[in-house]
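Going down the list, the protein sequences come from chains A and B. If you read the first sequence in UniProt numbering, its first letter stands for residue 1, the second for the next number, and so on. If you read the second sequence in UniProt numbering, its first letter stands for residue 1, the second for the next number, and so on.
Mixed in with the good hints there might be a few duds.
Copies of the same chain are indistinguishable here, so a pair counts whether it falls within one copy or spans any two.
[As the list claims (entries may be wrong)] Restricting the straight-line Cα-Cα distance to at most 25 Å, the calculated cross-link-like pairs of lysine to any residue (SDA-like) are: (1) Lys23 <-> Asp162; (2) Lys139 <-> Asp105; (3) Lys186 <-> Arg108; (4) Lys23 <-> Arg108; (5) Lys23 <-> Ala153; (6) Lys186 <-> Glu131; (7) Lys139 <-> Asn95; (8) Lys23 <-> Asn155; (9) Lys139 <-> Asn129; (10) Lys47 <-> Ala67; (11) Lys111 <-> His22; (12) Lys23 <-> Asn250; (13) Lys126 <-> Ile31; (14) Lys4 <-> Ala50; (15) Lys126 <-> Lys187.
For the record, the hints were derived by calculation from the structure and aren't laboratory data.
Each chain, written out:
Number of protein chains: 2
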Amino acid sequence: MREKLTVIKVGGKIVEEEATLHKLLDDFAAIEGYKVLVHGGGRSATKLAAQLGIESQMVNGRRITDAETLKVVTMVYGGLVNKNIVAGLQARGVNALGLTGADMDVIRSVKRPVKDVDYGFVGDVKQVNAEFLGDLIHKGVVPVMAPLTHDGAGNLLNTNADTIAGETAKALAALFDVTLVFCFEKKGVLRDENDDDSVIPQITPAEFKQYVADGVIQGGMIPKLENSFEALNAGVTEVVITLASAINENSGTRIKK
Amino acid sequence: MREKLTVIKVGGKIVEEEATLHKLLDDFAAIEGYKVLVHGGGRSATKLAAQLGIESQMVNGRRITDAETLKVVTMVYGGLVNKNIVAGLQARGVNALGLTGADMDVIRSVKRPVKDVDYGFVGDVKQVNAEFLGDLIHKGVVPVMAPLTHDGAGNLLNTNADTIAGETAKALAALFDVTLVFCFEKKGVLRDENDDDSVIPQITPAEFKQYVADGVIQGGMIPKLENSFEALNAGVTEVVITLASAINENSGTRIKK
Numbered sequence: 001m002r003e004k005l006t007v008i009k010v011g012g013k014i015v016e017e018e019a020t021l022h023k024l025l026d027d028f029a030a031i032e033g034y035k036v037l038v039h040g041g042g043r044s045a046t047k048l049a050a051q052l053g054i055e056s057q058m059v060n061g062r063r064i065t066d067a068e069t070l071k072v073v074t075m076v077y078g079g080l081v082n083k084n085i086v087a088g089l090q091a092r093g094v095n096a097l098g099l100t101g102a103d104m105d106v107i108r109s110v111k112r113p114v115k116d117v118d119y120g121f122v123g124d125v126k127q128v129n130a131e132f133l134g135d136l137i138h139k140g141v142v143p144v145m146a147p148l149t150h151d152g153a154g155n156l157l158n159t160n161a162d163t164i165a166g167e168t169a170k171a172l173a174a175l176f177d178v179t180l181v182f183c184f185e186k187k188g189v190l191r192d193e194n195d196d197d198s199v200i201p202q203i204t205p206a207e208f209k210q211y212v213a214d215g216v217i218q219g220g221m222i223p224k225l226e227n228s229f230e231a232l233n234a235g236v237t238e239v240v241i242t243l244a245s246a247i248n249e250n251s252g253t254r255i256k257k
Numbered sequence: 001m002r003e004k005l006t007v008i009k010v011g012g013k014i015v016e017e018e019a020t021l022h023k024l025l026d027d028f029a030a031i032e033g034y035k036v037l038v039h040g041g042g043r044s045a046t047k048l049a050a051q052l053g054i055e056s057q058m059v060n061g062r063r064i065t066d067a068e069t070l071k072v073v074t075m076v077y078g079g080l081v082n083k084n085i086v087a088g089l090q091a092r093g094v095n096a097l098g099l100t101g102a103d104m105d106v107i108r109s110v111k112r113p114v115k116d117v118d119y120g121f122v123g124d125v126k127q128v129n130a131e132f133l134g135d136l137i138h139k140g141v142v143p144v145m146a147p148l149t150h151d152g153a154g155n156l157l158n159t160n161a162d163t164i165a166g167e168t169a170k171a172l173a174a175l176f177d178v179t180l181v182f183c184f185e186k187k188g189v190l191r192d193e194n195d196d197d198s199v200i201p202q203i204t205p206a207e208f209k210q211y212v213a214d215g216v217i218q219g220g221m222i223p224k225l226e227n228s229f230e231a232l233n234a235g236v237t238e239v240v241i242t243l244a245s246a247i248n249e250n251s252g253t254r255i256k257k
């Protein structure tokens with residue numbers, strides 16, 4: 001039987017505030033077995049950009065990344081957020097290693113082709129080096145991945161953290177029994193968006209179709225769940241959508257094949 | 001016989017300008033055998049701090065690092081400068097891995113005790129994890145080290161890049177035949193500071209004493225050379241002070257025991 005690995009994706013809000021970051025690091029440190037942390041940092045990037053007089057332009061929830069914005073996200077994601085998480089995990093006895101996709105060539109991407117929108121220096125993931133990551137993980141190293149990749153030609157590319165988590169989980173599914181956890185602001189996928197306790201405990205593809213048809217699941221949750229099913233089809237064992245504060249609990253929504 | 005390893009330290013000026021950075025990366029990529037790059041980034045840190053309205057205070061050439069300044073250097077050294085070097089080396093076929101001291105706990109330091117000056121979040125190196133670095137290096141990974149360490153209690157600490165290079169070279173001397181190269185704005189240690197071509201090709205401890213007594217070597221070059229002799233006494237095979245553009249040439253000043 002393959003060993004278990006948990007890939008946890010946490011958004012910017014949680015890692016950018018001292019109190020929630022400390023709680024997250026405590027909870028993450030307590031997870032048993034092999035693990036990977038993927039983080040965002042968008043709020044800090046927007047704040048730093050504003051301080052530097054750079055306007056943050058978002059289209060479909062994605063940041064338009066010109067050359068100056070790329071510098072900002074490289075500083076915030078690769079430096080400030082990543083290294084503080086790494087130092088915080090080391091203090092908790094977790095042998096963390098901060099990585100962008102450029103480090104050891106772990107994630108290669110291609111600059112997103114310009115169609116309706118020119119996203120600028122934004123990368124679409126092409127390849128995750130599971131062998132290298134797997135080697136490190138087997139040695140007890142815990143990768144902490146920033147949402148930055150590279151194109152192999154010397155350019156860093158801003159890359160969605162959900163995508164990095166999903167692609168990393170899929171690639172590592174060749175080596176481990178992978179659970180992918182997306183931390184969310186809600187307790188899970190809700191049956192009633194106005195009732196925080198109406199969490200749907202488990203969703204199968206058939207149920208998903210029905211929920212969408214019934215209008216129970218809508219908006220941004222649809223691509224999130226589509227990505228979850230894609231990860232399951234690519235070999236990930238389980239996908240969980242839950243609160244960051246509940247990563248060690250058996251709560252949230254479990255997405256099953 | 002032990003295998004050769006070259007530790008190269010380059011200052012901020014070289015890595016912060018596109019043209020000199022590209023030349024450096026080409027030259028560094030051409031170095032044969034095992035290698036480590038240690039970089040600075042002070043000019044970019046000062047620039048970003050100024051843009052954010054944070055005054056840069058230097059005492060004895062060292063940056064006073066308050067909490068806000070620590071964020072700036074974490075962004076610039078750990079993010080912007082480090083990750084651009086890593087991506088640039090990957091494009092040149094060098095399997096670079098960006099590291100701060102916190103990553104995999106490679107360099108543990110202690111916050112500098114307050115004596116005459118309170119340097120703030122500045123670290124004095126306590127321990128370099130040579131075993132971990134050696135493992136990576138033997139696998140063909142090229143560490144690219146930012147001038148940041150950690151105290152093991154969750155705090156990043158701003159740490160002099162010359163010190164990081166020296167301590168890393170000393171620690172790795174237990175595993176490799178180490179040459180430590182300090183890149184400098186001049187061609188080497190000069191006999192006449194007004195004559196750029198008056199490079200002293202080799203300096204022994206006895207010659208050093210004589211040069212200091214004669215006033216040939218003075219000012220900031222004295223601690224640089226003292227550090228070099230300390231590295232040699234700790235097992236480093238050779239220390240070279242040279243131009244960054246000459247790291248593949250047999251020029252500069254060679255410091256010998």
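Checked hints:
no., hint, result
1, Lys23 <-> Asp162, "within (21 Å within a copy, 36 Å between copies)"
2, Lys139 <-> Asp105, "both (18 Å within a copy, 14 Å between copies)"
3, Lys186 <-> Arg108, "neither (32 Å within a copy, 38 Å between copies)"
4, Lys23 <-> Arg108, "between (32 Å within a copy, 24 Å between copies)"
5, Lys23 <-> Ala153, "between (38 Å within a copy, 15 Å between copies)"
6, Lys186 <-> Glu131, "neither (34 Å within a copy, 43 Å between copies)"
7, Lys139 <-> Asn95, "both (10 Å within a copy, 19 Å between copies)"
8, Lys23 <-> Asn155, "between (34 Å within a copy, 16 Å between copies)"
9, Lys139 <-> Asn129, "both (16 Å within a copy, 15 Å between copies)"
10, Lys47 <-> Ala67, "both (17 Å within a copy, 17 Å between copies)"
11, Lys111 <-> His22, "between (34 Å within a copy, 21 Å between copies)"
12, Lys23 <-> Asn250, "within (18 Å within a copy, 54 Å between copies)"
13, Lys126 <-> Ile31, "neither (29 Å within a copy, 30 Å between copies)"
14, Lys4 <-> Ala50, "neither (42 Å within a copy, 47 Å between copies)"
15, Lys126 <-> Lys187, "neither (32 Å within a copy, 44 Å between copies)"
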